[in-house]
Amino acid sequence: MRSEHERGLTKSIDWKIIVPFFLLVFFGWLNIYATVHGAEPDSIFDPAFRSGKQLIWIFCSLGLGAMVILLVSPKIWEVIATPSYLLVLFLLFLVIFVGRDIKGSNSWFSLGPISFQPAEISKITTALMLATLMSRQNFRIDRMRDLGIVGAVLLLPMLAILCEHETGSMLVYVGYLFTLYREGLSGWWIFALGSAILLFILVLTTPVYVPLALLFAGILTCFLVARRNWARSIRQKVALRRGLLALAAIGTAYIFSVGFVFNNILQEHQQKRIEVLLGLTEDPSGVGYNVNQSMIAIGSGGLLGKGYLGGTQTTYGFVPEQSTDFIFCTVGEEWGFLGCLAVIALYAFLIYRIVVDADDCREAFTRIYGYGVASCLFMHLFINVGMTVGLMPVIGIPLPLFSYGGSSLLTFTLMISIFLALYRQEKKYF
Amino acid sequence: MELDRKNKLLIGLGVAVLLLLGKIFYIQVIDRSYKENALNNSMVYDDIFPPRGLILDRNGKVLVNNQVCYDILVTPRELAPFDTLTLCDLLGITPEYVKEKTDYYRRYRTRIGYQTVTFLKQVSTETYSRFSEQAYRFPGFSGKERTIRSYPINAGGNLLGYISEADPVFLNTHKDYKPGDLVGKTGIEAAMESELKGKKGYHIFLRNSRNQIKATYNNGESDVSAEPGTDMVTTIDADLQQYGQYLMSGKLGSIVAIEPGTGEILAMVSSPGIDVSDLADIGKNYNKISRDRNKPMFNRTVQASYPPGSVFKLVNGLIGLQEGTLTPDRRYPCNNGFVYTSGGKKLGCHSHRSPLNLEEAVMMSCNGYFCYVFREILSNPAFKSREEAFDAWRDYVTSFGFGGSLGSDFPFELGGNIPTSNYYNRIYGKNGWRFQTIISLSIGQGEIGVTPLQIANLSATVANRGHYFIPHIIKDTDGFEIDLKFKEPKYTKVDSVQFEKVIGGMWRAVNSGPGSGGTASVAAVPGLDICGKTGTAQNPHGADHSVFICFAPRENPKIAVAVYVENAGFGATWACPIASLILEKYLTGSVREERKWLEERVVNKRFI
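Same order as they appear, the protein sequences are chains A and B.
Numbering follows the working numbering, with no gaps: position 398 of the first sequence is 776.
Numbering follows the working numbering, with no gaps: position 436 of the second sequence is 544.
Just chain B, same shape as in the assembly (with noise of 0.2 Å):
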């Protein structure tokens, strides 16, 4: 062919017209992103939102529920003049509010579009079927069925959690959820978000460029339906908790029981808690909330870290048998405390007869008795020096869940503090500090911080004789396996054989009568063989908190209990009272006649 001037012209047709077509080709064929855009511009996918999970009690009892509510929507382009007042008066709202949302739509047009927005939120049943009755007269106006929880048993706003819109924070680092999507922020509704909030479905609709609605995408076959979340059996007894609640009104501190066969939480009380009234609408809520000066959001069974007090005094016992540096029968005396320096100083120690055993000094919770085994368990002859035998009482110590989180599936749980050997060598130099100067252990005082649930959990070991399951709130069902390091015991260093000694003093304690020295006589319930330990910790804050640990029965424990009330004196006086309550409304269902003065007295005392 010749290559004349129409045939560079052909040629150049030819070019540029298999520039047109490969450039086609590459949008068409070879680059996907085009396709993803068409989808999403013409694709709207409306969620369905699945019916949150329940949270059930251990007999099946509903703490949380769900309801229906509405929100109202509104879509300001198709907005037409309406008379305000008459929707005030159906929505239950201010002229004030319809017009600064009003005056909002306006400001920020551009940016709403053709978008719709939420008008007004969680709109009652009532109210909304009441809206509906006169929707005509406002256009551009709709509602959207929500759900929202519901809460048939006052069971502790701490406890159940709350949920709320998932904030910009929570969206960045779970791509899963979108905006306006509600997540359980704390409590049960945190720990088990995954079971709880099920999978969400849509429908997929196409839109046109104004982002009316035009038709549904593929006849509906490609719509997904939602599945609903899977219902949580919790440990908790509702009765047990209700009535913890009740006990601790107007108190602040904890209760937390446990069974000790399982680790199961059976009660969970934080007072004061958040009133469940307030969880349903916590974004309404969350400012009185959390202004309250006895931080109500703040959950003491987990995350408050106290000094145990005397109820330590178990776990030196327990470490100076398993050392061989105490024999139950190893007798001290104790005058009125025990005097550690040559000038006289003296930790002091209420009256008692003298000398004691290790089960009364237990029974009548003896100070100077536990600095002398604590004086031995430092001195102890098989470690080369008074470090290594502070290390390795740490190392017991720590056995028994102190030291750090238990692991437990509550959400948030904190460790409280067990001091290292390291920790006094910052303080006092190396080798400048010796048995006088952290004599504060020997009772549970000093660096020591333990959540009291990690006290609970003591006593739950101590009921076990010598381990314990990981404390739980979800129970182990047939429809949800919880993980398996719930369900395998975890073994203290002290062997089984030296807590009936202990044991022994704990139960004496309880049911030695009164003017036997025993410090909680208060609590025994004939019958129930309640074994206990008082404890006053001290507090530099103010008032000393009552701390009591208790488990019953003596035989194959079905509870264990541990009570905080801060700021309440000692052990005896109110913690006491409260532990055995629980201990005798959970075994026998009810608190005996005899013992409802002790109840109303409990309940009507109120520290705060």
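Only chain A is shown next, with the shape it has when bound in the complex (with noise of 0.2 Å):
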């Protein structure tokens, strides 16, 4: 039934996403087979090959997405998205005690033939969960009540995945504070993390005295800017002397529980990676054999690459999970920089169209969703390229609609056809 205003899907739908994310999929799925000529599949298209089964995942998932933007309501999204967010939270704690081990974590469900994660889609109900709450009338984000609901919103998911040994997953959650700053959340929160993550670092690579310098020095420069602009009155000069104390007093605590949380809290083939990534030892041959294969891969392919097909380090097996989590490796060494730029030019503006158009929408619940699956497109590639270059630990979650696997192209298939569908929703109507 369609009205006169509305708009035909070839208008409503946005194209400028469509197109990067056909590209993605289909330049990982040749990528994919890269990884697997070197066995001699009888063609891109045996099934007995990942290429192939690669291939049977990508029509699934256009067939999910087809049926996501043509067939389903988009009303429906905001309608289970609390029930849902509910469901995938249960099945997230049930699986640390009835799931599958695999590969050390045991975030699996396995019925029969199908194994399923949780933690993958619960990415796509947490944003959902997050649209709903956020895009209330008298939802206001520096309220304490509705910060704290969100803050549960967000910590819950990331705390059961922490015990399923999916810390990598977990990382991605922290994205959702940019779809939080986008609705008004002080950037001092971001700025806080920022600092945060930079003491870690300072706390594990130089003396201790550094960081404290540094902590100080900044809360040092905060007060006397803050008197100088914004503490005129006597109670406002006593709020900024107690807050900055506060922040010195937790600023300290932190640095001295730095090293007991890397040491007792983190998993030791964590503090590995970590210590790798921060250069504070050197194991080439251990955790350190990935990253630096990886590097290899990549670094060998130089600025127009080895050819498709043509690379031997990601053909001969070098690079450890090379079509799933180190994908990328196989785009450096083949297609060297220009594969490199392309790809990651693709990612950046397909996130960019996302940012765009969600901003422009009139929904709020549509443009929230839409944040949070940019962020989360975000997250999973810098962490995932991040990674296979040396700048970020060794993570393993898989670079979206490239790596192997249908349990994540699935996911991010309907995590991006549910926002077009929202987004045509607004296309068809206003």
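One thing to keep in mind: the hints can contain errors.
What the hints assert, rightly or not - Computed, partial: chain B to chain A, Cβ under 8 Å:
#1 L129
#2 K131
#3 F133
#4 N145
#5 K207
#6 R315
Read the hints as simulated data drawn from the structure, not as lab findings.
For each residue, glycine too, the CB sits at the ideal point set by N, CA and C.
Put the complex together from the two separate chains, hints included.
What follows is the structure, given as structure tokens:
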């Protein structure tokens, strides 16, 4: 039933999102074939190999995406946001106890031949939940109660995922801070998070007086700047002094607790990954092996790469997990810097389009959800590519749309197509 | 553009993307090390070993050849259970050996990983072909062809030298060698290593992360083929070398024969030597050889330092003539020796007629005569002091090639010792020594040490009437030009006219016939015109060393020889017949019937 105000599919859908989406999926599929062609499959379609299997997943995902955009009413997402969030949260905690142990993480449900990871779908339900909560008329992010609820919505799945030993997936949720920031969360939170990460690195790499000195220099600067520009009344001055003293106390306590957290809360392999990243230990055959081989593969690609299927490092299995988490190595080795540039540009454009579209939306729900999708994609991109080039510690998360794996591809397709459906709603009527 | 939160976030996105791209650009375009690492990762350089150059004698006979053998390799990761006894039977090894090896592989399995290691070295072609028929029963085992040295002619292990795997010390200083490469360790193999070794080539393969070969790199177009080593023609006469070893059997000592006109070493025997049958697999025999109390590893020809004994009288005589302190006709008395202290202390001599002139003194090897000669040299009024006169004497001596290594192309050549005036000053104090103190030098005893090579060179120098060419072992051929220094004559400080008198004495020592007082009559071979000088080097450790130098013919000499036989007594007894047999063999090609008894006597005499 099409009203006369409605615009058609071709006009209401954002092709600037669809096109990079298709390009990335297709390019990913080519590169998955490059990682397995050394074992001489019949062709890129050979279903016994990952490239053939991925093709099946691609068709499934496209079917799912088309269904979401064309058949499902976009209104349903807001309706099911809360129950689906709660259901997935329940599954997240349940899987800790009944999950199948795969590579040290028990985050998988195993139902016969189908394995299912609630942490993947939880990214969508969390984004939907945030959108529902924050689009309410009376929601004010600077109100303590509302901020607390939003915090709980974010931290509960993170806690569950941490217990599943899926630290990588947990870090993705930190990205939702960007969404909150767009919705009015004080920039200080992001600044505080950044400072905390900086201090964490400094504590591990330098003598303890360096982070302490930095902390107090920062606080002193705040004090001087604020006293001149902001704190006029005596009350404000007292508040300022108390606030900064509390900050100094918290900061000092934080600095001295980093060592404890690092040694006692992080798992041993995580400690090692961080140490290797920070250059504190050299371990080219152990924990450092992955990153070392990955950087060798990418670095050896040069400006123009070795040509499709011409990579030696990726073809001959020097890079681990090369069709999943380290798929970017194949791009780097065979397509060179220009290939990397193209792939990253596609992602950047995709994220940019989602942000721009989301920001245009009149529906707060669509806007917030769109920012959530963009944040999630960004975190995956930055962590995954950063890991392969040694900017980030080894965190096992896939490159969205690109890496081999049905679960990840289906999730991201669903995520993006929900946004397209919601956005189409806007275009159709406004 | 308004700096709202959307744009701030987009700027953040841009910064993050630039950060990623910057790092990628750095490792892909700026830092080259990743490319090298990638090549190291995936490319396997499979060395192609060039055949090592052959070693030939001066007449083209092959002294050192190459022979194919096989190493049995094993990749422990690919081993399957196998029949140990059959393997032992095929390869001729014991089950204990197999157990020891497999235990080792198990213990170090993480370190070995996917590598292929050597299981058994140097298996003959026959053994290998028997093994390869059955190889399908032993997965994980394989064979690799390699060449080892073979020795068609027994020309002596010390001369030829051996090759063995480069050791860590060598590898540290020679970066172009890799562990497992064979390198010449001694003798000609070491001297000519850079020519003999050739140039290694390689195949490049691509491997996977489990070290399995997957493909050739660049379709083999980047492969480099091996360049075989250069064949080396030596100056050695194989027949003469073998004959020398035959004569020296059972004796300690050395023979060096030089062609005076060129300085080419014709034969170089150090006895007892390393048998060539032990050379090919030196690793296995090394302990046996190095523990031998007669020290076959020790190359006496260039490393042993002995007092020269009476042969040194030639040098003193020549110096006297050149300095004018001696004239050929000067006669000195000798009554069983030379009394040099007021207490009647005497440097003894054998009985002979007296007085003698220079020629006769050389012929009869009179000790007393040369004490006078040396005394006159040291008290030469041309010099201000005895010390100065001594140093002048030393300059003469070193101009004969003594007192330092000759600089031959043979490795590890040592130089012996000629004392300096400072040396005596240190021991006796300045002006604390006189002619009487160092009287032993008159007759080549005392603090003098020379190598057999230097003594042979003395013989060649006298034969050339005053000059020599640095003795060398590699022949100048069209294929290989030797260092120019071997082609330039080195002149002694004694004029060539002075030599004739001394040579006359040497000729008479040999050719005057028995009963004439000549010390080397046994060396006489009619028609060969041999000139010689005997020596008996006193040895503080035991019986005297028997020394003899000679050359022939007198005019245009073709060969000069020095023979040392350790602990064998008078020079005339053993060294002299050996040297003369060498001369005869070289100049006439065989030993004449009348002298067979001498050859037999020499060969049958055993000192060890």
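Right, here's what the structure says about each hint:
no., hint, verdict
1, L129, "holds, 6 Å"
2, K131, "holds, 5 Å"
3, F133, "holds, 6 Å"
4, N145, "holds, 5 Å"
5, K207, "violated, 30 Å"
6, R315, "holds, 7 Å"
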